[in-house]
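Number of protein chains: 2
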Amino acid sequence: MITGLSHVSIVVPDLAAALRKLEATYGLSAGAIKVNEEQGVRMTYVDLGNAKIELMEPSRPDSPVAKFLERNPKGGIHHFCLGVDDVAQTTQELGAAGVQVLGEGRVQLNVHGERIAFVHPRDFLGALVELEENNQDNSHG
Amino acid sequence: MITGLSHVSIVVPDLAAALRKLEATYGLSAGAIKVNEEQGVRMTYVDLGNAKIELMEPSRPDSPVAKFLERNPKGGIHHFCLGVDDVAQTTQELGAAGVQVLGEGRVQLNVHGERIAFVHPRDFLGALVELEENNQDNSHG
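Residue numbers (the numbering used here), protein chains in the order written: chain P, 11 to 151; chain H, 11 to 151.
No lab work stands behind these hints: they were computed from the structure.
None of the values given here were measured: they were computed from a predicted structure.
Careful, some of the hints might be misleading.
Copies of the same chain look alike in the list, so a pair counts if it fits in one copy or across any two.
Below 20 Å or equal to it, Euclidean Cα-Cα: the simulated EDC-like pairs (lysine to aspartate or glutamate) are [to be verified]:
no.: 1; residue 1: K84; residue 2: D133
no.: 2; residue 1: K31; residue 2: E103
no.: 3; residue 1: K31; residue 2: D133
no.: 4; residue 1: K77; residue 2: D24
no.: 5; residue 1: K84; residue 2: D24
no.: 6; residue 1: K77; residue 2: E47
Let the hints inform the model, and build the full structure from the sequences given.
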């Protein structure tokens, strides 16, 4: 079951420059920068209270988000993330309904250790959608 | 001042088909469909509790979102929207900081009569960002 909107994710070519821009121009500050080796991204979050903005840059040349930057050199919106009560159950049900869950439907972990999965854009109106398991707080991560 | 994340907006080629898909596959239902003649879109919202998903289709051939569909025929994420306490003040401050507010910085109205403005993607990390004035409820519209 979908429980809320967790975050909007932006891929940027230069994470440090992006954080300076958001702070100086919009008064928005981010948390600690972490690296997700599995997904090949260096990332952080701007907490807006009810939800977050996720910021990512490639942590290695073969990062999946490096391809996104080839198409969008200045950065752009990469995906958004819905909170769900149970990622494994949700992906199983979606798979049974014909939805393609990326990575062969395998549940992954984000930098906070939360269970996540991604739905193929063709199965969500052209939008890449992350599902994140977060029972207690929709606005977290 | 930015007060929260209001919504993520998806442009689709067929709004009725999109709503059927979200309902049947994800159990998500939308509110009433409205037309914003000024922006040339037929639109509705899926309320996720803490924030919303906005769905739009062109209401006329020269709609600005028709160009988006030429580049993304199956639809995709078009922009996201931040809640602000005062659109006029925020756009004035951003303009003074060198940010391009679309439509010559003029405040517009959305289908709920709320005051909105759009920031050029080059001034928000490549993302088209809407600002929406909504003092009492960050998750509304």
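Status of the hints after comparison with the structure:
| no. | hint | verdict |
| --- | --- | --- |
| 1 | K84 / D133 | between (27 Å within a copy, 10 Å between copies) |
| 2 | K31 / E103 | between (41 Å within a copy, 15 Å between copies) |
| 3 | K31 / D133 | between (34 Å within a copy, 9 Å between copies) |
| 4 | K77 / D24 | within (15 Å within a copy, 29 Å between copies) |
| 5 | K84 / D24 | within (9 Å within a copy, 30 Å between copies) |
| 6 | K77 / E47 | within (16 Å within a copy, 37 Å between copies) |
Of the numbered hints stated above, none is contradicted by the structure.
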